[in-house]
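Protein chains in written order, with our numbering: chain A, 2 to 337; chain B, 2 to 337.
Among the clues, some could well be false.
[Stated by the list, open to error] Label pairs and their in silico Cβ distance ranges:
{"no.": "1", "chain 1": "A", "residue 1": "288", "chain 2": "B", "residue 2": "289", "range": "38 to 46 Å"}
{"no.": "2", "chain 1": "B", "residue 1": "186", "chain 2": "A", "residue 2": "288", "range": "54 to 62 Å"}
{"no.": "3", "chain 1": "A", "residue 1": "218", "chain 2": "B", "residue 2": "205", "range": "44 to 52 Å"}
{"no.": "4", "chain 1": "B", "residue 1": "116", "chain 2": "A", "residue 2": "287", "range": "46 to 54 Å"}
[Stated by the list, open to error] A few chain B residues that don't get close to chain A, going by computed Cβ distances all over 10 Å:
{"no.": "5", "residue": "120"}
{"no.": "6", "residue": "271"}
{"no.": "7", "residue": "276"}
[Stated by the list, open to error] A few chain B positions that, by computed beta-carbon distances, are all more than 10 Å from chain A:
{"no.": "8", "residue": "31"}
{"no.": "9", "residue": "37"}
{"no.": "10", "residue": "93"}
{"no.": "11", "residue": "149"}
{"no.": "12", "residue": "174"}
{"no.": "13", "residue": "206"}
{"no.": "14", "residue": "232"}
{"no.": "15", "residue": "233"}
{"no.": "16", "residue": "247"}
{"no.": "17", "residue": "265"}
{"no.": "18", "residue": "268"}
{"no.": "19", "residue": "270"}
{"no.": "20", "residue": "277"}
{"no.": "21", "residue": "301"}
{"no.": "22", "residue": "308"}
{"no.": "23", "residue": "314"}
Think of the hints as simulated: they come from the structure by calculation, not from any bench. Note that the structure is predicted; figures quoted are calculated from it, not measured. Each residue gets a CB set at the ideal place from its N, CA and C atoms; glycine is no exception.
So you can see what is in the structure, the chains are spelled out below.
Number of protein chains: 2
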Amino acid sequence: MSTLASTQIHLASRPTGWPTPDNFATVDVELPELADGEIRVTNEFLSVDPYMRGRMNDAKSYAAPYALNEVMTGGAVGHVIESRAEGFAAGDPVLHQLGWRDIAQGPAGAFRNVDRIPGLPLSAYLSILGMTALTAYVGLLEIAGLKEGDTVFISGAAGAVGSAAGQIAKLKGAKRVIGSAGSAAKVELLTQKYGYDAAFNYKEAPVRQQLRQSAPEGIDVYFDNVGGDHLEAALDSFNPGGRGALCGAISAYNATEPASGPNNMSNMVTRGLNLRGFTVGNYTQHLPAFMADMSAWLSEGKIVFDETIVEGLGNSVEAFIELMRGANTGKMVVKL
Amino acid sequence: MSTLASTQIHLASRPTGWPTPDNFATVDVELPELADGEIRVTNEFLSVDPYMRGRMNDAKSYAAPYALNEVMTGGAVGHVIESRAEGFAAGDPVLHQLGWRDIAQGPAGAFRNVDRIPGLPLSAYLSILGMTALTAYVGLLEIAGLKEGDTVFISGAAGAVGSAAGQIAKLKGAKRVIGSAGSAAKVELLTQKYGYDAAFNYKEAPVRQQLRQSAPEGIDVYFDNVGGDHLEAALDSFNPGGRGALCGAISAYNATEPASGPNNMSNMVTRGLNLRGFTVGNYTQHLPAFMADMSAWLSEGKIVFDETIVEGLGNSVEAFIELMRGANTGKMVVKL
């Protein structure tokens, strides 16, 4: 084969506050012929994730900032269309981190073969079989030390991480799982589909008050995807020895001024609480245990997941902005 | 012997904000004769501690609130003057929790015999050999998981817990220990006497800025006695994987409104930080290891401690208020 035209989405400027389409550029490039050891992949699904907002800033963080005028990297799945590397053949499904582009190509080491599981879309490797659900798994089991009989509160519960976390918590022995989300429809999904014992709409009344009502005997574990008033509410409702896994704080990602922290940090001392932040990239050693558990749960029909699919590479930026607005249920992906 | 007149300090009303002498009452009581199994002790030193402020409120906390019109309980040391219990004889030095009174008596189980260590005042059992230094020991080793080579920041560093913590950190292998205190004299003590590598006066410039200057390569462990701007500064300077032991927040104890928390909690996620609150009462299983280490350090001259002594039971309230103001260096005690 030969050179090939390809389209990519670049970060063109760093957002201040909420990102806008102006911060991105659609760029057409000519891909070179494959070198020995390289493969070429046509992408089927791209991942848009809240953590990407942090990488758009030029700030010290766990992941390096995105470079200006380069591709928005991130998780993606597709099929090999040409291979000059051992172990990869045309048609193979693969996972990679090369991000928002229609065609990805490069050294085979940047790609991972995945097993196509009957009945599951390939996008499952971006959600329930991917980093998203691993985040839920690690946060609950490793970071928060979930124990049988715990009462668990999860914020952003209808999102990709939260919907997995609620089900994993129940499967691992939590007594009661409470979730918060931002619409009546999502709240209904939490209890009707994702196995939550109780759920509330955080837009309807103060989180602190609603959490107290939903967990009158207090909470033992908090899985934080939101920060802000949700973290404050958890600190208010924690039982002695409570443990929080801090996964993200979407409430603050687009703020232009630093937000005040919880006004009840003193509970940490008096109740002996533990808060631990984490990013899943430091815990990939748990991937084998996670894949074993999750594959079994999926095959036994014990876990469900949803995706919100936006069509077209050209709508990637819109998909990302809608994700930040909470328009998704379950994992937000872009389908090419 | 017979009945005996005794003087006690009671909590008369719950303070709003800063406590005042009006919140307390001096009460003369007639003590009954000893029953079988009881001992009578004349107190030599009483402990006044920051945690007592929390117990003056009628709020859920790790320790039950002080009852109104009852004695202010807390650590005290003295000598047995009469015993009707096995294992206690007149003249024995003992430690107990019966608090602010000149004479303590009751069932022998409420008292613990202590070894009088040559060269040390009995008050050492309220400070360097007592709960105070155990708090420093547990906070660093158990809660913050101090490792050799760590850079450690300690707030309230010239207080009873902080002055012990700085020395323990160095003895356990910290590379660099930084302390903050509220006067030039205390700051000098930190580096000249307590083994701190660097120290600053938090009243002179923003803590965040001074900590950055004192720890240009960041901190790995933070021992928090202060809360507020000190905790925020620590979150700003933490290296990835940093660990904080939250022991108290004296900056907020007398506030009448909840104080905003740190405005940089998001660093917990991006840097994988861990904050753990604790109260030493839940960690007394470490007392034997602590006593072994501390006795050795004291006998080898490897650790020093200071006391600020206020004379007279009648000045207990003033001693406590002065403690809250930071007037003490090392352990604040009342000598009877």
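Against the structure, the hints come out as follows:
{"no.": "1", "hint": "288(A) to 289(B): 38 to 46 Å", "verdict": "holds (41 Å)"}
{"no.": "2", "hint": "186(B) to 288(A): 54 to 62 Å", "verdict": "holds (55 Å)"}
{"no.": "3", "hint": "218(A) to 205(B): 44 to 52 Å", "verdict": "holds (47 Å)"}
{"no.": "4", "hint": "116(B) to 287(A): 46 to 54 Å", "verdict": "holds (49 Å)"}
{"no.": "5", "hint": "120", "verdict": "holds (34 Å)"}
{"no.": "6", "hint": "271", "verdict": "violated (5 Å)"}
{"no.": "7", "hint": "276", "verdict": "violated (5 Å)"}
{"no.": "8", "hint": "31", "verdict": "holds (37 Å)"}
{"no.": "9", "hint": "37", "verdict": "holds (37 Å)"}
{"no.": "10", "hint": "93", "verdict": "holds (34 Å)"}
{"no.": "11", "hint": "149", "verdict": "holds (22 Å)"}
{"no.": "12", "hint": "174", "verdict": "holds (24 Å)"}
{"no.": "13", "hint": "206", "verdict": "holds (19 Å)"}
{"no.": "14", "hint": "232", "verdict": "violated (7 Å)"}
{"no.": "15", "hint": "233", "verdict": "violated (8 Å)"}
{"no.": "16", "hint": "247", "verdict": "violated (5 Å)"}
{"no.": "17", "hint": "265", "verdict": "violated (6 Å)"}
{"no.": "18", "hint": "268", "verdict": "violated (8 Å)"}
{"no.": "19", "hint": "270", "verdict": "violated (4 Å)"}
{"no.": "20", "hint": "277", "verdict": "violated (5 Å)"}
{"no.": "21", "hint": "301", "verdict": "holds (33 Å)"}
{"no.": "22", "hint": "308", "verdict": "holds (24 Å)"}
{"no.": "23", "hint": "314", "verdict": "holds (29 Å)"}
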